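Undergrad: Assemble the whole structure, with the sequences as input and the hints as a guide.
So the sequences go chain by chain: X and W. Under this note's numbering, residues 1 to 318 are what the first sequence spells out, in order. Under this note's numbering, residues 1001 to 1338 are what the second sequence spells out, in order.
Honestly, the hints are just simulated from the structure, not real lab data. One or more hints might be untrue.
Said to hold, decoys possible - Calculated lysine-lysine pairs in the DSBU-like style (CA-CA distance at most 30 Å, straight line):
(1) Lys1051/W to Lys263/X
(2) Lys1217/W to Lys254/X
(3) Lys263/X to Lys1025/W
(4) Lys193/X to Lys1326/W
(5) Lys143/X to Lys200/X
(6) Lys1288/W to Lys143/X
(7) Lys143/X to Lys242/X
(8) Lys1326/W to Lys262/X
(9) Lys143/X to Lys10/X
(10) Lys1217/W to Lys262/X
(11) Lys262/X to Lys134/X
(12) Lys1025/W to Lys262/X
(13) Lys108/X to Lys1025/W
(14) Lys1217/W to Lys251/X
(15) Lys200/X to Lys1025/W
(16) Lys1288/W to Lys134/X
(17) Lys263/X to Lys1217/W
Owing to the predicted nature of the structure, the values given are computational and were not obtained by experimental measurement.
In case you want the letters, here they are:
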Amino acid sequence: MPLLEVRNLKMYYETLHGWVRAVDNINLYLEKGEALGLAGESGCGKTSAMLTILRLLPFNAKVFGGEILFEGEDILKMPEDRFRKEFRWKKISTIFQGAMNALHPTMKIGYQIAEAILAHENVSKKEAYERAGKLLDLVGIGKERLDRYPHELSGGMKQRTMIAMSLACNPKLIIADEPTTALDVIVATQIMKVMTELQKTLNLSLILVTHDLSMISEICDKVAIMYAGKIAEYGDVITVYKSPLHPYTEKLIKAFPSITGKKRELPSIPGFPPDLLSPPPGCRFHTRCPYAQDICRREEPKLIEVEKGHMVACHLVG
Amino acid sequence: MPLGGINMTKNIVEARNLRKYFPIKRGFFATLFAKESLVVHAVDNIDLEIKEMEVFGLVGESGCGKTTTGKLLLGLIKPTTGKVFFDGIDIFSLDAEELKQIRQKMQIIFQDPYESLNPRMSIYDLVSEPLRLQKVVETEDEIMDRVVKVMETMGLVPAEQFLYRFPHELSGGQRQRVAIARAFILQPRFIVADEPVSMLDASIRSEVCRLMLQLVKEFNVSYLYITHDIARARYMCDRIAVMYLGKIVEKGPTEEVITRPLHPYTEALLAAVPVPDPTARRTKVIIKGEVPSAIFPPPGCRFHTRCPYAQDICRREEPKLIEVEKGHMVACHFPLRK
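TA: Encoded structure:
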């Protein structure tokens, strides 16, 4: 049984102009100890999908169907109270986008981490602080900094604090949404290293949401490519990067500049992602796809398994 | 003006001993009793020259002084010491009126097209604004002609479809094209592009980059391309300079610097760039720590606190920027190869 299984999940936002189909029928699988990268352009629904798993959706969002099975149990069906007490932070936690601003500026970081522990577990204050100190040691900040305020820390240290906080209640799954965007390359690499090491030593599962394909290739085992609210391709990182089947995946990978190897022409994908208020009929990528045929404009391709563990939604494959 | 070849060596922009220290505001008593006032050493004694039709990259981590350098070159802020020459003219010796004149020829493209365009102005107003400010065109018809022409050059075709729309109706890529159109409508000779694609999606970054390169030939323009993304700088720039804590530590032809770096910092920067290839995961140990404070920069070589090869002399003496190979300069006591 996979640790997390998302089945036919649909989540739309209600706006003045109609329903925005941010997450439209997606499927995901994640085994214990596995790292999954969820990649796609901005507005493709990757953050929305993760917020649905955490049940942190804004008021105008509505789940229209599907299941999110965590260890076999559907977390969408359980009452909020139970989810908050037993799942959020204890089983599934998150590292938010823009960690720089996610910490409270007038509270000591030790308190902020201890607060997360106290809110979810029945322990004494003293014990919570001790655990907070251990967590800071674990991420390489050191427990002597428990009494520091966020402004006394550098960007990299704030991000490490966020990682420590996400580990506060020994979760099984961590969802990291663009954890390194605001950081410099060198610091970002340090953070990625901390995350991979922790993931391996604590046998955590990780979902890394990012638009940066190179980051996924560095730390993930599996990758899911999202386009306009749908999963376009899913599979093992090496298989997907080395022999991508979906035209979008292929172009997206080629669009990334590389520092190694020969300098080559960088192709881009003409056009821009569709408006999710009224997505195009058929395959959603057909408006930008160079290989688009008649069928692509009419019929929506299904996500099919081409070889073991490698799935793609494209009419031209198979 | 002859294109390429012969005239390539003429400098359009030159900076000499450029320094910019920002004073730190402190409380009344601290100012009264402090022995010395504190300053941020944003840019500390740099020299650079940008040739005609050259794309010159300025690479470094945030806070290293890249953007300050860009602003100094455009005369948007005054340097503490040093001079900037544009086409041989010392821009800080000019009065306000003369500076305004020369500004027609130097423009800037900002990082974030979601912030840099006024949301209440139509695209037509946004693109025509520089013409109106500089009063270079007389009639409305002429303004319209030039706006349409420059927008079509930027790939906003047909221009009529965009003229009366507002920034929020456009995609990120289109907005950045509008920002570029604004910069090019006065037919400048020098453009500072401050992280022009970092806010755009990966799939359209290359498109905007290609447009910018194409404009070099069409408008005979030179760029100062400011970025922290050294991988993309490789595709954009003829030469690059690597900055660290207000100093240029290495400068040279792009491929030279990237394939055979001389400074340990450049090496570390290159090693930190993630590679979109899961079979080539990096194993190399990268440097520790973060950039030290620019208020109290370390003595000697500023990189010595993080440098894996640091020796005694690095802690004492500041290395000079010396030419190791033709056109390839480095400021290090122990360059990686000689």
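Undergrad: Does each hint fit the structure? Answer for all of them.
TA: Do the hints match the structure? See the list:
no.	hint	result
1	Lys1051/W to Lys263/X	23 Å, holds
2	Lys1217/W to Lys254/X	26 Å, holds
3	Lys263/X to Lys1025/W	47 Å, violated
4	Lys193/X to Lys1326/W	38 Å, violated
5	Lys143/X to Lys200/X	22 Å, holds
6	Lys1288/W to Lys143/X	19 Å, holds
7	Lys143/X to Lys242/X	43 Å, violated
8	Lys1326/W to Lys262/X	23 Å, holds
9	Lys143/X to Lys10/X	43 Å, violated
10	Lys1217/W to Lys262/X	24 Å, holds
11	Lys262/X to Lys134/X	45 Å, violated
12	Lys1025/W to Lys262/X	49 Å, violated
13	Lys108/X to Lys1025/W	25 Å, holds
14	Lys1217/W to Lys251/X	27 Å, holds
15	Lys200/X to Lys1025/W	47 Å, violated
16	Lys1288/W to Lys134/X	21 Å, holds
17	Lys263/X to Lys1217/W	21 Å, holds
In the structure shown, a violation is registered for the earlier hints numbered 3, 4, 7, 9, 11, 12, 15, in ascending order.
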